[in-house]
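Trainee: Heads up: the sequence lines are chains A and B, in that order. Quick note, our numbering runs 63 ahead of the 1-based positions in the first sequence. Quick note, our numbering runs 985 ahead of the 1-based positions in the second sequence.
Calculated from the structure, these hints are not laboratory results. Fair warning: there could be bad hints in the mix.
Think about it this way: if two alpha-carbon atoms lie no more than 25 Å apart in a straight line, the pair counts; the simulated PhoX-like pairs of lysine-lysine are [said to hold, decoys possible]:
| hint | chain 1 | residue 1 | chain 2 | residue 2 |
| --- | --- | --- | --- | --- |
| 1 | A | K168 | B | K1328 |
| 2 | A | K240 | A | K189 |
| 3 | B | K1277 | A | K189 |
| 4 | A | K189 | B | K1348 |
| 5 | A | K206 | A | K240 |
| 6 | A | K305 | A | K215 |
| 7 | A | K151 | B | K1348 |
| 8 | A | K183 | B | K1355 |
| 9 | A | K301 | A | K215 |
| 10 | B | K1349 | A | K151 |
| 11 | B | K1328 | A | K183 |
| 12 | B | K1349 | A | K183 |
| 13 | A | K168 | B | K1349 |
| 14 | A | K189 | A | K305 |
What follows is a list of derived Cβ distance ranges for each label pair [to be verified]:
| hint | chain 1 | residue 1 | chain 2 | residue 2 | range |
| --- | --- | --- | --- | --- | --- |
| 15 | A | R157 | B | R1341 | 15 to 25 Å |
| 16 | A | N182 | B | I988 | 15 to 25 Å |
| 17 | B | E1280 | A | V266 | 50 to 60 Å |
| 18 | A | L275 | B | T1183 | 40 to 50 Å |
| 19 | A | H250 | B | F1142 | 26 to 36 Å |
| 20 | A | P265 | B | I988 | 19 to 29 Å |
| 21 | B | L1354 | A | R157 | 23 to 33 Å |
| 22 | B | A1024 | A | P265 | 33 to 43 Å |
Ideal placement from N, C-alpha and C gives every residue a C-beta, glycine not left out.
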Amino acid sequence: MKEEVNLVYIYDGSLEGFLCCVYSSYAYKQMPSRIATTRGQSQLFEDTEWIKTDFSHAGKVYDSIGLKVGPEAQDYVREAFLTCMPDKEMLIFRFIRMAYRHGRKILGCLTDEPMCTINKGILHLKREAHLLMGLIRFHVYDKVMVACITPKNQVLPLIANHFADRYPGEVFMIYDKTHHMALVHNHEGCVLTAMEAFDLPPVDDSEKVYQLLWQRFHETIAIEERRNPGCQMNMMPKRYWKNLTEFQ
Amino acid sequence: MDIYEKLTILSDAAKYDVACTSSGVNRSGRPGMTGNATAAGICHSFAADGRCISLLKVLMSNACVYDCKYCVNRVSRDTPRTSFAPRELADLTMAFYRRNYIEGLFLSSGVLRDPDYTMEHMLEAITLLREEYRFNGYIHVKTIPGAGEELVRRMGFVVDRMSVNIELPTESGLALLAPQKSASAIMRPMAQISQGVTQNRSELALYRHAPKFAPAGQSTQMIVGATPESDYQILRLSQGLYRTYQLKRVFFSAYTPIVEDNHLPSVRSAPPLLREHRLYQADWLMRFYGFKAEELVSPDRPNMNLAIDPKCHWAVNHMEEFPVEVLTAPYGVLLRVPGIGVKSAQRIIETRAHTRLTFEGLKKIGVVLKRARYFITCAGRTDEYVIMEPDAVLQGLLSLREIEKRTKIDSRQIQIGELGLPEPKITKIDTDDFRFLTEGYPQAALPAPVPRGASYERRSEFGIYI
Ligand code: SF4
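Let's have the full structure, built from the sequences with the hints guiding it.
Mentor: Pasting the structure below:
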């Protein structure tokens, strides 16, 4: 397979779209130097090729990973795709190529590149997801609860089950502003959908009361003699604060 | 009094209780109910003192009739008093839980009239939450010392975790500072809960649907630094509690001086945070690393060294056990190497089965080579430039930067005299070797220039604070 120095694959940003890039690369014996989404900027002097998303092609690639290595590798690819690693597409692409070549043996060399970088990315994703399980704040509008988050990784698929399990009887939505995705839950179950924009509407008085109570609790529970803002910020980075009721 | 004021008073009065984790039980949600619980626990926020907020931590009432000297709620203190009505508390818990502010409730109380009366009051609120509001989240209740057996039993079936505070590590300490509480009033419910949990386990084995008794177990808390007990007494006691009552956790709370009393440290003294930190480290070593209290402290060296963490301290004083060969050493031995934790020890065992480990590889696995290099060999070789002489090791471990980082935790804590030297076993080290520790001290001790914090480093490998 020859490398084409300035060939860039452009896809729609979905996992299926990405898998189609892998498909094209094998079908046309091309080796792209970059795989980017339509949201990314294209550079001068690059040959771009738009890869159309075709579910059957994506399915073939996905199944072949399962056959060659096993379901662990499929999970690995899916999780890696949710991360915010720079150039994650090329990292995963390199992993898939190695997986085809080595088969199950690949699972024994997870400390080699590119797996080492991907592992870190996945760890980062999982930590962010775990952190957000605690840091999501719902605003109650009568019978509906809404929360907004701005995570670096696409955490919604990882936290969906937790919240569906926790609030089985509630209608709620968690909106991911960074990735323009929404997790909507009602009595029938959970769906993940794309949503271009959403802002929290103003809350009514009864909701305001609970927000004030929570802010007051948050202030009072700290022990003045042990003040330690550095530690507070380590545990809960500043970039999350803008969505937290207690810091409004 | 409105709910706003009540919450202020009753959370302010509860803030000195340290146990805030929501861990120990996995329970998935149920249709028609609200809530679930995750064994690992979830932190929902962090307060300005850097402590995790996971549960709504409040007192049922601060109108206490006892007079414990160290406590803000003691009867002889002039302060506004109030109590939650059971329904008020249940409403508040549900409202906070729905908005995902909290994992559940942590309820404690001052002694309202007498222990039984107080427990009944608390039980009413919790029964309301569980039965009427169908609350399925986490509940931790602090048992009132002296409460009747039947009440403790009933409470055990509606909550996840129960705890009884030991408060002070010796009976004489209790007699001095908490005259109305006796060691037996504290130990009796502790023993009862422990039996309840064990008995329940066998019932559950027989009938899968038997009601669960305190499924997240019990914990306790000790105040550190209010009375002159040594680390040796404290750690021996915790070890005994883990063994005898199968406690899940022993929490330590650095005494924050709030009242002037000639039996207590003056109000101007700072809480001994670094000592508390070391006690937690030692506790961790006892629970997960197979250390015994007697290995960390002894009657003739009853307090831990504040300048160096207990694991490094132990290792430096037992150089005869090192170096450890990472390619062959069993798990228990790997665990004792500074810089190797539970996770990295497990990974070493997994990886060495099919790959040849190198120092570079160890680093990738998560071993902190900066420390571990002094104590290990890899395929018979030491890392480059490592000299395995005890004093060189200590110098390496206590590099100046390290000390600065440590003093940042809370520089006010280290008194020059307290820095402590390693046991005389290492003959070559004398006080002069430690001058660099004390010399750097005065600047670091000034409160302004270095921000405190970063005490529990949790930097992710990705270079982003998590
Ligand atoms: S019984 Fe509890 S609340 Fe009352 S004074 Fe003693 S420690 Fe404080």
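Trainee: Compare the structure with each hint and give your call.
Mentor: Each hint tested on the structure:
no. : hint                          : result
1   : A:K168 to B:K1328             : 23 Å, holds
2   : A:K240 to A:K189              : 19 Å, holds
3   : B:K1277 to A:K189             : 34 Å, violated
4   : A:K189 to B:K1348             : 21 Å, holds
5   : A:K206 to A:K240              : 23 Å, holds
6   : A:K305 to A:K215              : 14 Å, holds
7   : A:K151 to B:K1348             : 24 Å, holds
8   : A:K183 to B:K1355             : 21 Å, holds
9   : A:K301 to A:K215              : 13 Å, holds
10  : B:K1349 to A:K151             : 20 Å, holds
11  : B:K1328 to A:K183             : 15 Å, holds
12  : B:K1349 to A:K183             : 11 Å, holds
13  : A:K168 to B:K1349             : 19 Å, holds
14  : A:K189 to A:K305              : 21 Å, holds
15  : A:R157 to B:R1341: 15 to 25 Å : 24 Å, holds
16  : A:N182 to B:I988: 15 to 25 Å  : 48 Å, violated
17  : B:E1280 to A:V266: 50 to 60 Å : 56 Å, holds
18  : A:L275 to B:T1183: 40 to 50 Å : 45 Å, holds
19  : A:H250 to B:F1142: 26 to 36 Å : 31 Å, holds
20  : A:P265 to B:I988: 19 to 29 Å  : 23 Å, holds
21  : B:L1354 to A:R157: 23 to 33 Å : 28 Å, holds
22  : B:A1024 to A:P265: 33 to 43 Å : 38 Å, holds
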